[in-house]
Each structure stands twice: as structure tokens, then as C-alpha cells.
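> Sequence:
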Amino acid sequence: MRKKRVLLLSEGFGAGHTQAAHALSESLRIISPEVQTRVLELGSFLHPTLARWIFTAYRKTVSNQPKLYGIVYRSQYKKSINRFARLALHRIFYAQAAEVIRQLRPDTIVCTHPFPSAVISRLKRSGLNVPLCTVITDYDAHGAWVSPEVNTYLVSTADVKEKLLDRGVPSDAVKVTGIPVHPNFWQAHNREELRARFGLKPIPAVLVMGGGFGLVDDESFLGHLTRWREKIQLTICLGHNDKAMLELAEDERFRHPHIRLLGFTKEIDKWMDVSDLLITKPGGMTCTEGLAKGIPMLFYKPIPGQEEENLQYFAQHGLGEQIKSAETIDHWFQLLIDHYPDVLQRREELSRGIAPYNPAHCSQAIVEVLQQIGAKA
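Each residue of the sequence shown is one higher than the last, beginning at -6 in our numbering.
In short, the hints are calculated from the structure, not lab data.
Keep in mind that the hints are not guaranteed to be accurate.
Derived DEER-like restraints, expressed as beta-carbon distance ranges [what the hints assert, rightly or not]:
{"id": "1", "residue 1": "A181", "residue 2": "V65", "range": "33 to 43 angstroms"}
{"id": "2", "residue 1": "K72", "residue 2": "A189", "range": "49 to 59 angstroms"}
{"id": "3", "residue 1": "W179", "residue 2": "A319", "range": "29 to 39 angstroms"}
{"id": "4", "residue 1": "L97", "residue 2": "E342", "range": "37 to 47 angstroms"}
{"id": "5", "residue 1": "A189", "residue 2": "A88", "range": "53 to 63 angstroms"}
Below, computed lysine-lysine pairings styled on DSSO-like, alpha-carbon distance capped at 30 angstroms [what the hints assert, rightly or not]:
{"id": "6", "residue 1": "K71", "residue 2": "K294"}
{"id": "7", "residue 1": "K71", "residue 2": "K117"}
{"id": "8", "residue 1": "K(-4)", "residue 2": "K224"}
{"id": "9", "residue 1": "K294", "residue 2": "K72"}
{"id": "10", "residue 1": "K60", "residue 2": "K236"}
{"id": "11", "residue 1": "K294", "residue 2": "K224"}
{"id": "12", "residue 1": "K168", "residue 2": "K72"}
{"id": "13", "residue 1": "K71", "residue 2": "K53"}
{"id": "14", "residue 1": "K60", "residue 2": "K224"}
{"id": "15", "residue 1": "K236", "residue 2": "K259"}
{"id": "16", "residue 1": "K317", "residue 2": "K71"}
{"id": "17", "residue 1": "K259", "residue 2": "K194"}
{"id": "18", "residue 1": "K194", "residue 2": "K71"}
{"id": "19", "residue 1": "K60", "residue 2": "K317"}
{"id": "20", "residue 1": "K236", "residue 2": "K154"}
{"id": "21", "residue 1": "K53", "residue 2": "K259"}
{"id": "22", "residue 1": "K168", "residue 2": "K154"}
Where is the CB? At the ideal position from N, CA and C, for every residue including glycine.
Take these sequences, add in the hints, and give me the full structure.
This is the structure in C-alpha cells:
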């Protein structure tokens, strides 16, 4: 008896969508060893050169013209991707998608970005008989995610489910599972052991993330953080932003024993465990990873659209706060210095308060879909 095959499709418009796909891939194999997974950024797989150009243009637009991005996001907010747009996507970007699916023969397809979800929906209308699960990777539901061919939506919160119901999606087609995070985030690590391993001192530690979309390129903002370097340890995660890494490494303000410049790492879960505060852009994946770790979060300049919605959700539930000025930073850093036990207590309360969020729920829901397929076979 062959293993059940799950094809996870994403796109490279920001790292979060593909991170969610890989998180599901890893967790599915843990929860159900009889499941075989494959992750593809479908457009990049089919057209690597064209995809690279499109993703670069997208990132520049988001970084340099966020208001324009927000206008487009809101103008299309209640609209699904129309038939003409789906046809254009298919012919320009996804013409070979049906052949890929024919070769891989998945038992179910899971999409973590609206574009492949729209393309698979179009193929289903043309006769593809494979269950389609769509994982919405933010704390909002833009109309682009919605298509009648989607069999199951896996969403972050009950509020997102209500938004889908308002758009005519049947209630039994929506499951509130939370956004999936990598299994590395499922368990806590010993803070003292990590502190010794990473060479951190027994003083407050702050993790700064945002190498991809502008946070670490804001010299005045990062410069303000360095003013606290005598009493606060700063770990600045730059990801693949090699340019920023070189620039900061040459800046005298960042040459200090309490400041660490970190490139791409697969141990962000451990850095969150050993840190007392996370400063980040409010992307859906990073917010959820912080949620899984119970770490207090400060959010930097949300991109108009889904990041604003993510921020609103976390702020309303006391899980994070927007950085409105340098005073927000100063307030929190002073709290870490003067009332460190209270901040640690707040983190324990956050951890207890997020018990309803189970990072394995999303994968378990996909396993249930596979089991239903097996029962019908």
C-alpha cells in the first residue's frame, strides 16, 4: 500500500507562505509517517526566471510604495480572483501545472498562497478530481483566497472563519486550526542552556527580525536601539540580507559585546526562547511563531493590508503592540531593565493564555482529509 501523497503549493511573495508549506510538510510526516509530502513554489518551479523578476518587483513595490500596495489590497478586498485573471495566470505562469499534478499524482493538494489555489480551482472546474485545501496564512481573509472549488479552508481564527462565511463559504468547509508553524516551535527549550550556548549574558535580551522588508534597512530606528546596548542585549536577525549585514558590521555602533548580527538561521525558535522581547514586522508566520513561543512582540511599520490586520488581531488580544514612536521602544526597554521579573511573569501568562492554539491542528486537519479519502476508496 503506497503512502498518501500531499502536494503543498506556495509562491515566493514573502517568505511566510512557503514557510507555512514547509511547516506542514514536516509536521505531517511527524504526525502521520504514512504520508509523503512535496513542497513546490509552483510559479518558480515552472518559470524560474520570470518568477524571480515578478517577486523582485513585488518586494520593491511593498518596500518602496507600501501605500500603493495598500490601495490595491483594499480595492480588491472583497473580490475573488476573476475568471479573466485566472486565465491570464494559467496561460502566463501556470500552463504546465496540470502536467506537474499528473506526474506527482497527489491524493490531496494544499495551497498556502492564493495564486496556486486559484489555478488548482480552475483545473478542478476542468475535471481535476483531487481535494483542495487552502491554508490562509494571515489573520484576515482577502477575497483572493476564496473560490467555490476549494474543499476545505484552514484558517487562523474564528473571526477569519466568519469573514469567509460572510462571503458565502459553507460553514462545514472552514476549520479553525491556527496557522501552522514548524515543529521546532512546538516545544520550549531550556533558557539557561541556550544562553550559555549562544554566549549571552544574564541580562535582558531582545530579538529583532525583518531582514526582508525594510525593518533592518531603517538606520535611524536601529541606531536608536543601540543606545540601550549597555543594559540590553540585541540580536538582529538579517536573514539573507547580505547587504545589510555588511553595512551594519562596518558601523561602529553595532560593534559591541551586547550586539549580535545574525544571518539566516534555522534556530529562530531557540532565539525566541532565549529572548525576552521580539521586534518584528507583523507577518502572519512570524506573529504565529511568536505566539507559539509566548514572547511579547513589538510591531514595526505594518505594510498596509494583511500586516495591519495581523497587528490589529495581536494588539486586541494583548499579544503585541505597535511601535508608534521611539517612546514605545524606550518604554519596553526600561520595563526590561527595571521590572524584569514582571516581564517574565507576563510571558508565562501569555504562554498559558495561548493554550487553545495548538500548532499541530492544521496538519491534523489535513490528515483527516486524507482519512476521508481512504474511507471513500
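> Determine for every hint whether it applies to the structure shown.
Each hint, compared with the structure:
1. Between A181 and V65 the Cβ separation comes to about 40 angstroms, which falls inside the hinted range of 33 to 43 angstroms.
2. Remark: the range hint 49 to 59 angstroms for K72 to A189 is upheld by a beta-carbon distance near 53 angstroms.
3. Range check, W179 to A319: about 36 angstroms between beta-carbon atoms, so the 29 to 39 angstroms window is met.
4. The supplied range of 37 to 47 angstroms is met by L97 and E342, whose beta-carbon atoms lie about 45 angstroms from each other.
5. Between A189 and A88 the beta carbons are some 54 angstroms apart, a value that agrees with the proposed interval 53 to 63 angstroms.
6. This hinted pair checks out: K71 and K294 have alpha carbons roughly 24 angstroms apart, not beyond 30 angstroms.
7. The straight-line distance between the Cα atoms of K71 and K117 is roughly 23 angstroms, inside the 30 angstroms bound, and the hint therefore holds.
8. Simply put, K(-4) and K224 have alpha-carbon atoms about 54 angstroms apart, too far for the 30 angstroms limit, and the pair is violated.
9. With a C-alpha separation of about 26 angstroms, the suggested pairing of K294 with K72 holds against the 30 angstroms cut-off.
10. Straight-line distance between C-alpha atoms of K60 and K236 comes to about 25 angstroms, which keeps the hinted pair within the 30 angstroms bound.
11. For a cut-off of 30 angstroms, the pair hint linking K294 to K224 stands: about 25 angstroms separates their Cα positions.
12. Proximity of K168 to K72 is assessed by CA-CA distance (about 21 angstroms); at most 30 angstroms being required, the pair is judged to hold.
13. Between the alpha carbons of K71 and K53 the distance comes to roughly 25 angstroms, so the proposed pair stays at or under 30 angstroms and holds.
14. Our distance criterion of 30 angstroms between C-alpha atoms is broken by K60 and K224, whose separation comes to about 37 angstroms.
15. At most 30 angstroms may separate the alpha-carbon atoms for a hinted pair to count; K236 and K259 meet this at roughly 20 angstroms.
16. A hinted pair counts as satisfied when its Cα atoms are at most 30 angstroms apart, and K317 with K71 qualifies at roughly 29 angstroms.
17. At most 30 angstroms may separate the alpha-carbon atoms for a hinted pair to count; K259 and K194 meet this at roughly 22 angstroms.
18. Under the criterion of a C-alpha separation no larger than 30 angstroms, the hint pairing K194 with K71 is inconsistent with the structure, at around 50 angstroms.
19. Of the supplied pair hints, the one linking K60 and K317 holds, its CA atoms being roughly 17 angstroms apart against a limit of 30 angstroms.
20. Distance hint between K236 and K154 is unfulfilled; the C-alpha atoms sit about 41 angstroms from each other, more than 30 angstroms.
21. Taking the CA atoms of K53 and K259, the gap is near 26 angstroms; set against the 30 angstroms cutoff, the hint holds.
22. Pair hint K168 plus K154 holds up; C-alpha atoms about 8 angstroms apart against a cutoff of 30 angstroms.
The structure is inconsistent with the numbered hints 8, 14, 18, 20, although it conforms to all the rest.
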